[in-house]
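So the protein sequences, as listed, match chains W and V. Counting from 1, position 196 in the first sequence corresponds to residue 317 in the working numbering; the numbering is continuous, with no gaps. Counting from 1, position 113 in the second sequence corresponds to residue 234 in the working numbering; the numbering is continuous, with no gaps.
If you are wondering where the hints come from, they were derived from the structure by calculation, not from laboratory data. These numbers come from a predicted model, not from an experiment. Please note: incorrect hints may appear among the correct ones.
You can't tell identical chains apart in this list, so a pair holds if it fits in one copy or across any two.
[To be verified] Here are the computed lysine-lysine pairs in the DSS-like style, where the Cα-Cα straight-line distance is at most 30 Å:
id, residue 1, residue 2
1, K208, K514
2, K169, K514
3, K225, K514
4, K225, K507
5, K435, K414
6, K127, K414
7, K373, K262
2 protein chains.
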Amino acid sequence: MRLLTKDLNDHVGEDVRVEGWLHKKRLLGGLTFINLRDRGGIVQAVIKDKSEVDKLKGLHIGTVLALEGKVVSESRAPGGIELHDTKIEIMVPVTQEPPVEIDKPLSHRPENLDTLFEHRSIGLRNVSEAKVFLVRSVLLKLIRQFLYDHDFVEIQTPKLVANAAEGGAEVFKLDYFGKQASLAQSPQLYKQVMVGVFERVFEIGPAFRAEPSATTRHVSEVTMLDIEMAFIKDHDDVLNMVQDLLYYVLTKVWEQQADTLRELKAPELVLKTPFPRYSMQNIHELYGEANKKDMSGEIDLTPDEERWICEYAKEHDGCEAVFATDLPKSKMKFYHMSKDDNSARSADLLFRGLELATVPQREHRYDVLTEQMKGSGISSDDPAYKFYLEAFKHGLPPHGGCGFGVDRLVEKTIGLGNIKEAILFPRDINRLTP
Amino acid sequence: MRLLTKDLNDHVGEDVRVEGWLHKKRLLGGLTFINLRDRGGIVQAVIKDKSEVDKLKGLHIGTVLALEGKVVSESRAPGGIELHDTKIEIMVPVTQEPPVEIDKPLSHRPENLDTLFEHRSIGLRNVSEAKVFLVRSVLLKLIRQFLYDHDFVEIQTPKLVANAAEGGAEVFKLDYFGKQASLAQSPQLYKQVMVGVFERVFEIGPAFRAEPSATTRHVSEVTMLDIEMAFIKDHDDVLNMVQDLLYYVLTKVWEQQADTLRELKAPELVLKTPFPRYSMQNIHELYGEANKKDMSGEIDLTPDEERWICEYAKEHDGCEAVFATDLPKSKMKFYHMSKDDNSARSADLLFRGLELATVPQREHRYDVLTEQMKGSGISSDDPAYKFYLEAFKHGLPPHGGCGFGVDRLVEKTIGLGNIKEAILFPRDINRLTP
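Kindly generate the complete structure, drawing on both the sequences and the hints.
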C-alpha cells in the first residue's frame, strides 16, 4: 500500500512503498541519492544495487516512480529520515530534461516571469512555487469560514451579462445567439439584488477586465471575493466587517501556515484592530508634508501614497492595513452613496501598499439612485437595468459591501512582486495561454 | 439593538426590535396583523394603535420596517410567538404592489417560469424559493468539506482560453486584444496539468456552453465542480471517490437540512454505498427486456433509459444513484482512456434519472494521448495544447476525475422540474437578463 512521504516518520524501521515523481538525482561517494516528490512532500532514498540504479538510466526529473525500501532515521536527510535498500519501479518514464529548473527556492529561480509562465505546467512542480497556491487555497477556505460564521450565504451570479455593471470601455464583448453580451466585470448588480433575499451574500468567482495595460498590477481575468450586507446602521458597519474578515484570515493563515509562509519569505504580519482610518485629504496632507510635495492637485491616491500610508500606519499605528476614507465624490460610481458635496461613503482598504478592496455604502433610495444613474449616462429605462431597479422599487434596506481582490490578497500575504505570480495561469494583454 | 426573528423565542416577555421586510398584511377582527421577514425567517406582529396602523397606509409588501414590541407566546402564530404593542418605524417605503406573489409555497406559484425569471429579484423573496438557494449553498459547503478532508487542493483556472478543451461548435468566441479567445467549457486541460503539482485538485466555477437548445436540461452557463486525482490504481478508485463524495454530501444535507428539504417537498433519499454499477450494454438489455423494445441500435443511453435504470436500481438495489459503466469507445474524448475495442474506462453517474457527471480515467501515456488527439483532428503541434502535452511529456501518473454539474445536483436533490430553477439567474438561448 502506498504511503505519503509526510507520514514516513511514523514508520521508522518498516518496509514501505511510496509513489511520486523523481525530483532530484545525484551521485555521492559511489551511492545514488534520489529525491521523490509526492503531494505530502519529499523523501530522500539511497540506491545501492547497480541493477536498481540502472533502471534510472536515460530517465529524467519528472519520471513517475514507486519506491520500496526501509525507513531509516538520518539526521542529515530532509525531514530526518531516508529510504534504504530501495527498489525502484518505473511507472511513467520521462526521457527529456525539464524545460525549467524545479529544485530552487522561489527567490533563486533563474527564469524571468515569461519563461516561467511559458512552462507553467512544469514550473509549478517546484515545491516552493506550489506552496504559493497551497497558501491561496487556505486563504480561500478561511474567507469562506469567516463568512459562513457571520451568516453570509454563498451565491453564484452569471458571468454572461447584457450590460457591464459600470459600463466603460474595459469590457469583453461577445456574440450571444445573435445578441451582444458582455463578460461580467463584477457581480455588482446581482449581489445588491440578492441582499433583498438573504441580507448577507458572498461570491467568489472570476471577473473580467479588458485592461489594455501591461503592468505588475493588471490582468484581464481576476478572482474576486464579492460581499454585500444589508441592515447596516451606517458605513462603519461595512468597514468593520471587512476589517474583521481580513484580520481573521491573515491571523489564521499565520497560525496554520507559519512554516510555509516563512519558507516563502513572507513578511511577518503587523496587524491589529481597529485598522487605522485616514481620510483621503488627510493622507494627501501627511504625505505632502513628509515628502515635501504639493498634493493639492491630486484627487485619487497615487501608488506612492498608497505605499507610503501603509508604511506610515505600520510605524505609527502598528498595523499594515489602512482604510483610506472619504473617497472623492467625483470618482464615485452611481451605486455608491455620497457623504457630502465632496466625498462618498466609501473607503479603500490598503494593505502593504496595495488597494485590496473598495468598501462603500450603496445608495439604496430608488429616487436618488435613478438620479445618480442618469448622471452617469445610464437611462433608468435601459432594459438591462430593469431587474436591478425593480429590487429597489420594492424595498432594499441600507446596505454596503465590497469587491475584494483575491489574487492581490495572495500576492501581498506572501510578498510576491507581481499579481501574476499569485495566479496559476494568468491572462494579460499579451498572454492567452497556457 | 436589532434581533433576528429566529432568535425571538429566547426573548419571550421582553421588548425587542426587529428589522426586515413587510411580507404580508391583513385585517382580522379589527386588528392589523403583519408578517415581517428577515434573514432568519418570519415573525407575526399585532398592531392595535390606529396611529401605528396609519403609518402603513399606501405602503405595500417589500416596505422595509423596524418593529418594536413585546414578544408573547402564541401557539396559533407561525413559530409560536408574536409581537404585541407593536410600534412601527418605516425605513424604506414601497408604494407599488410586487409584480409577483411572494407568499406562496413553491408548488403553488401561479406564474410560469418565464414570468418568474423576469421578476427574479422579487420572486426570490418568496421564502420557499430562497430556500432552494440556501440548500444550494449548503451543498457547496459540504462538497468542499469532503474534498478538503480528502486532501484535494482548490484551484482556479482561466475561463478565457485560446482553445476549448473539446473543440466542437458549442463554444462562445470573443475578441481578445486582436486574438480570438474562447470561453472555457471546462477546466479539463488545466486540472489535468495540476495533478502533476498537487495530485488531487478541485475547482468550483462557471463553465460556458453555446447550447442552441431550449429544453429543461440546457443552459449556457453552468456551475461545475471539477475534480481530478492522480496515483489511482485503476478506474474504480475514481468511481469510489465520486461515489463517496455524493453519498457524503446527500446524507449530510439531509442531516442538516431535513426540515427545509421536506418543506420544499424534496423526495426522501434512497441511497447506499457501493452504488450499483451496470454496464451500458447491460442497461440496454435490461431496459429492452422490461419495456419490450429493441435497443440494439442505441449507442448512448436514451433519457428514458437514464430515468428507468435509476428507478430500477432504487427498487432492486435500494439506491437512486447508479454508475452506467463501460461507455462506448466511439463517444470517447481524446483524453479518456480506452478499456477495450468497444468501451472506454468511463462511467456516467446517474441520480434520479439525470446524469450528474461523467467519470473517466484519463489517458496519461504521452504517445497514446497524442495518437488519440490526432484521431480527434487535433494536431499535437497546436500551440494551444503545448502546455498540456508538456505536462505529460514530463511525467503524469495514472489519474482520473470528473466534471460534476452543481446545478443538476441542486435540481435533483430538491426534486425541481427544470435545471433553471436551481440557478439564481439562468442563461439560455432566449435569456441574457436579468
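message: Cα distance capped at 30 Å. Does K127 pair with K414 within a copy, between copies, both, or neither?
response: Answer is neither; intra-copy 55 Å and inter-copy 56 Å both fail.
- request: Check K225 against K514 for me: Cα-Cα at most 30 Å, and say if that holds within a copy, between copies, both or neither.
  value: Result: close only across copies, 21 Å inter versus 59 Å intra.
message: Regarding K225 and K507, is the shortest C-alpha distance of 30 Å or less found within a copy, between copies, in both, or in neither?
response: between (55 Å within a copy, 24 Å between copies)
- prompt: Given identical chains, is K373 near K262, meaning Cα to Cα at most 30 Å, within a copy, between copies, both, or neither?
  reply: Classified as both; 11 Å inside a copy, 19 Å across copies.
query: Between K208 and K514, at a C-alpha cutoff of 30 Å, which is it: within one copy, between copies, both, or neither?
result: Answer is between: at 24 Å across copies they meet the 30 Å cutoff, but 73 Å inside does not.
query: Is it within, between, both, or neither for K435 and K414, if the alpha carbons may be no more than 30 Å apart?
result: within (22 Å within a copy, 76 Å between copies)
message: Reference check for the pair K169 and K514, CA-CA at most 30 Å: within, between, both, or neither?
response: between (79 Å within a copy, 28 Å between copies)
Of the numbered hints listed earlier, the single one contradicted by the structure is hint 6.
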